[in-house]
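Undergrad: Turn these sequences into a full structure, and let the hints steer you where they fit.
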Amino acid sequence: MMRYDVIVIGAGPAGSQAAWYLARAGVRTLLLEKEQLGRDKPCGGGLTPRAYRNLEVPIDDLVLARVNRVELWVGGRRRARLRAPETSIWMVQRSAFDRRLAEHAIAAGAELHETEPATAVVVSDGNVVVQTTRGRYEAALALIAAGASTRFRRALGFPPQQLAGIAVEIEGPGSAERVPVDCAVLDYTVPGGYAWAFPKGDLWNVGVATWWSRVGPTLRRRLDTFISHIGLTFKDSRCRPDQASGRLIPLWKRDQVMARGRVALLGDSAGLADPFFGEGIAPALVSGRLAAQAALAVLDGRAESLDSYRRALQAALHPHNARMQLLARLVYPMPGLWIAALACIPLCRSFAARVVAEPFAEPVVLTHGITPSP
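When we follow this note's numbering, the leftmost residue of the sequence shown carries the number 11, and every step to the right adds one.
Just so you know, the hints here were simulated from the structure itself, not pulled from any lab data.
Between beta-carbon pairs, the in silico distance windows are:
#1 Arg146 to Glu187: 48 to 58 Å
#2 Arg250 to Ala106: 20 to 30 Å
#3 Cys354 to Asp212: 33 to 43 Å
In silico DMTMM-like links for lysine to aspartate or glutamate, alpha-carbon gap of 25 Å or less:
#4 Lys263 to Glu289
#5 Lys51 to Glu289
#6 Lys44 to Glu113
#7 Lys44 to Glu289
#8 Lys51 to Glu124
#9 Lys44 to Asp15
#10 Lys44 to Glu66
#11 Lys51 to Asp70
#12 Lys51 to Asp212
#13 Lys51 to Glu66
#14 Lys51 to Glu113
#15 Lys51 to Asp252
#16 Lys51 to Asp71
#17 Lys44 to Glu126
#18 Lys263 to Asp317
#19 Lys51 to Asp246
#20 Lys51 to Glu126
#21 Lys44 to Glu124
#22 Lys51 to Glu121
#23 Lys245 to Glu81
#24 Lys245 to Glu187
#25 Lys245 to Asp192
#26 Lys245 to Asp234
#27 Lys51 to Asp192
#28 Lys44 to Glu121
#29 Lys51 to Asp234
#30 Lys245 to Asp50
#31 Lys44 to Glu148
#32 Lys245 to Asp212
Just so it is clear, CB atoms sit at the ideal spot from N, CA and C, and this is done for glycine as well.
TA: Dropping the structure here:
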């Protein structure tokens, strides 16, 4: 049985970020990925300033488009326009983005096993044993970044994930008659959520998400309506709402358990997406870094368990996510009213800027200006 210092399960943003930090510090790190790197996966692919600032690898060559404007729609009509030239959203293909992060970890010394799913994780006698489809591995610690699946959470005795959104989306080449190519659209007609359209060069990523479970069965129909509203025509006949990919978005909840002894949950496995936009990449990157730091403390003898990871992650994410949770409670029951207020009332614009202020680094202004739609 091969022995490592740390085994990381999942080569998404959280897992690869953790593996890079560990390998760079000289830790013998195994990174397990159940799929072949480079596969497509459901994701809007937008990197916010928070995500961009937490990257440890250059990705400028992967950027398909930079979105400087966001239009807010309700009921198929544009109601307001946000301009943020100094805080662009960087649009990437998730498959290429994930590969870049994993390659960065490999270059630092991590050992990557692709197409090798982990099937069981057992903690015994101060060690962690990971069973895969190819063999067994032993380590002092395990970091689980296996996405929204609850398999390992249940098996290891972590409390169940209590909050999750639902999303469906399509991506492909096309053109949108009513949307400029450098502009994203967020439509808040969807109860308890929103529809989005993100430009990626010749591609468009469109989808619908909701945090209200009763709305879930209607998402594909709502996506079809949204596509019609923005005048989007896909060139590929397979890009249809009935073929849209679905996914869960595990949402942040304060006081959730993310570490237990020698095992920690990262990224979507921990449930870190913000409660308003459902953004998961930025908190995943933060969780990867903080979990690696906690692991180093255990390996160096400065700590006995990974419990410090939970405290550090709460301190890093809670201020922002608490604001986003407040925003969700205020906006989603009456989105039209709030968007009208954003467009017309300076005090509301100031409030919105404070609510979405940068929580992971120095404060930044996320909206350079908010102007009513003509």
